[in-house]
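Engineer: Listed below are the residues making up each chain.
Number of protein chains: 2
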Amino acid sequence: MLGGSAVHFAMAARLFTKVNLVAVIGRDFPKKYIAFLRQKGIILTSLIQSCGKTFKWEGAYRGDMNTASTLSTELGVLTAFRPFVSQEQRGIKYIFLANIDPDIQRCLLGHMRSPKLVVLDSMNYWIRHKRRALLRLFKKVDIYVANDQEARVLSGESNLVRAAKWLRRQGPGMILIKKGEHGVLFYSDKFIFSLPAYPTDKVIDPTGAGDTFAGGFMGYLSKVEKINESNLKKALAFGTIAASFNIEDFGLNKTAAFTIKDLENRLAEFRKCVLF
Amino acid sequence: MLGGSAVHFAMAARLFTKVNLVAVIGRDFPKKYIAFLRQKGIILTSLIQSCGKTFKWEGAYRGDMNTASTLSTELGVLTAFRPFVSQEQRGIKYIFLANIDPDIQRCLLGHMRSPKLVVLDSMNYWIRHKRRALLRLFKKVDIYVANDQEARVLSGESNLVRAAKWLRRQGPGMILIKKGEHGVLFYSDKFIFSLPAYPTDKVIDPTGAGDTFAGGFMGYLSKVEKINESNLKKALAFGTIAASFNIEDFGLNKTAAFTIKDLENRLAEFRKCVLF
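Chains as they are written, first to last, in my numbering: chain A, 1 to 276; chain B, 1 to 276.
It is possible that some hints are incorrect.
For chains that are exact copies, the list does not tell them apart, and a pair is met inside one copy or across any two.
[What the hints assert, rightly or not] Each computed SDA-like pair below joins lysine to any residue, with the alpha-carbon atoms no more than 20 angstroms apart:
| id | residue 1 | residue 2 |
| --- | --- | --- |
| 1 | Lys-233 | Glu-264 |
| 2 | Lys-234 | Lys-272 |
| 3 | Lys-272 | Asn-228 |
| 4 | Lys-190 | Lys-272 |
| 5 | Lys-130 | Gln-149 |
| 6 | Lys-254 | Leu-2 |
| 7 | Lys-93 | Glu-225 |
| 8 | Lys-234 | Thr-67 |
| 9 | Lys-233 | Cys-273 |
No wet-lab data here; the hints were simulated from the structure.
This is chain A alone, in the form it adopts within the complex (with noise of 0.2 angstroms):
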């Protein structure tokens, strides 16, 4: 089914703002996902069709549903993948680096003239293979997003509050720590923000929820425009009760139909189980 980084982004992001998605897909891209992508209102101007096949991932989840099992991997081709922004687009000013190669995020990020926030996302594979390009990646992003296991693999901590610390010592002002049902840590000089994921039985699939997380986070930000402590902590909280939709049912299934209403009175519901 459809799925990536980029697109569980996208689909909470557009509830706030404009997504352009950068990207590259293959020739056996459907026609309808297409479709499907500029219906819900993304720009499309640098998605790249390249010859070769989309990438593929396959994946289980077991147990408590927090990390998935990968069953198997084809990159197609992301393996040749240089992104591509047009002229118009460069001057945009919230930058989600989705999870991929650092070098290619790099890239990416080198094309863009002035932007106010970036927020870097990346997985165990890069921190392994690629650190050093990741570190040094780090001193030109505002946020970096990981979940509790890639920050504790990245510091060497196992205390989340001092893998948060490190790494904001590697150059990013503010740290993201993603911790699947327990919810999420942010970190930065000014303030420590905690907050648990929404409480509910129905997880089905938290493919993407890591992503639509942070669409929800930047979508926020990027229409409220003011980066302060108020703002960031209802960007977790918008993060929190978007993800909280993208686990309910397969896919897009959920956040694809799900509207800015939906995620207010959510949130709503939220408060009463979070505040005292």
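Since the structure of chain A is already known, use the hints to place chain B on it.
Structural biologist: Okay, now just chain B, sitting in the frame of chain A:
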């Protein structure tokens, strides 16, 4: 060093209320510990000293410090313990059944005339070896407290909300799942509540954190007396904060000395870390 569920519980609960301890110690129990407990205001009328050795536990924490590995356990006088409750204590309204053989917990509860709130804790050992006795006890308690692992094992559910619902169906009106560094999840028919832990990089010794949590939680409830949604939420926050002090140093080093003012100050800080 001095430890044990009841003692850790008492150190936090004493900040809110008079704590009556029901327990057994051996002939080897140092007099200075008795003096210490008395000096902290703990009422020792129902503390029995028996022939034999005091219960002793030795454990180690590794990695994320969330679970201890037991190095050794010496039951000592606990093997033949029959809880004694003095006449004037039998009217006490707030009862915490700290982790011990469920038959002993049941025996103690049998002494009480008309408790208002009974909170039950247990552990994997009893879940495995005395499951039926434990589940029978469920019918007589108001709140069952478990850590995430215990909740999963007992219910057979990996999702914690589903686990809480299963546990609720066994009897207790309220379920409290402690998730260590990830905070707590509270479940009742009326509302769900989720609170992260106090974010800290100072984790020296988590032993007794769960009991300290329970002590702060129940201490606050017994002080305000009214068991309603808003008091329960505040009690969970006080429990969280009490536990955050416990883990900052070995044994009782922190909780023997902290004050209600310390709790309130950190609670105010905590609010800034979780409210949006």
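Engineer: Taking the hints in turn, state whether each one holds.
Structural biologist: Checked hints:
no., hint, in the structure
1, Lys-233 - Glu-264, "within (15 angstroms within a copy, 23 angstroms between copies)"
2, Lys-234 - Lys-272, "both (15 angstroms within a copy, 13 angstroms between copies)"
3, Lys-272 - Asn-228, "between (24 angstroms within a copy, 14 angstroms between copies)"
4, Lys-190 - Lys-272, "between (26 angstroms within a copy, 12 angstroms between copies)"
5, Lys-130 - Gln-149, "within (17 angstroms within a copy, 35 angstroms between copies)"
6, Lys-254 - Leu-2, "within (13 angstroms within a copy, 53 angstroms between copies)"
7, Lys-93 - Glu-225, "within (10 angstroms within a copy, 54 angstroms between copies)"
8, Lys-234 - Thr-67, "neither (26 angstroms within a copy, 33 angstroms between copies)"
9, Lys-233 - Cys-273, "both (16 angstroms within a copy, 9 angstroms between copies)"
Comparing the model with each numbered hint stated earlier shows that hint 8 is the single one that does not hold.
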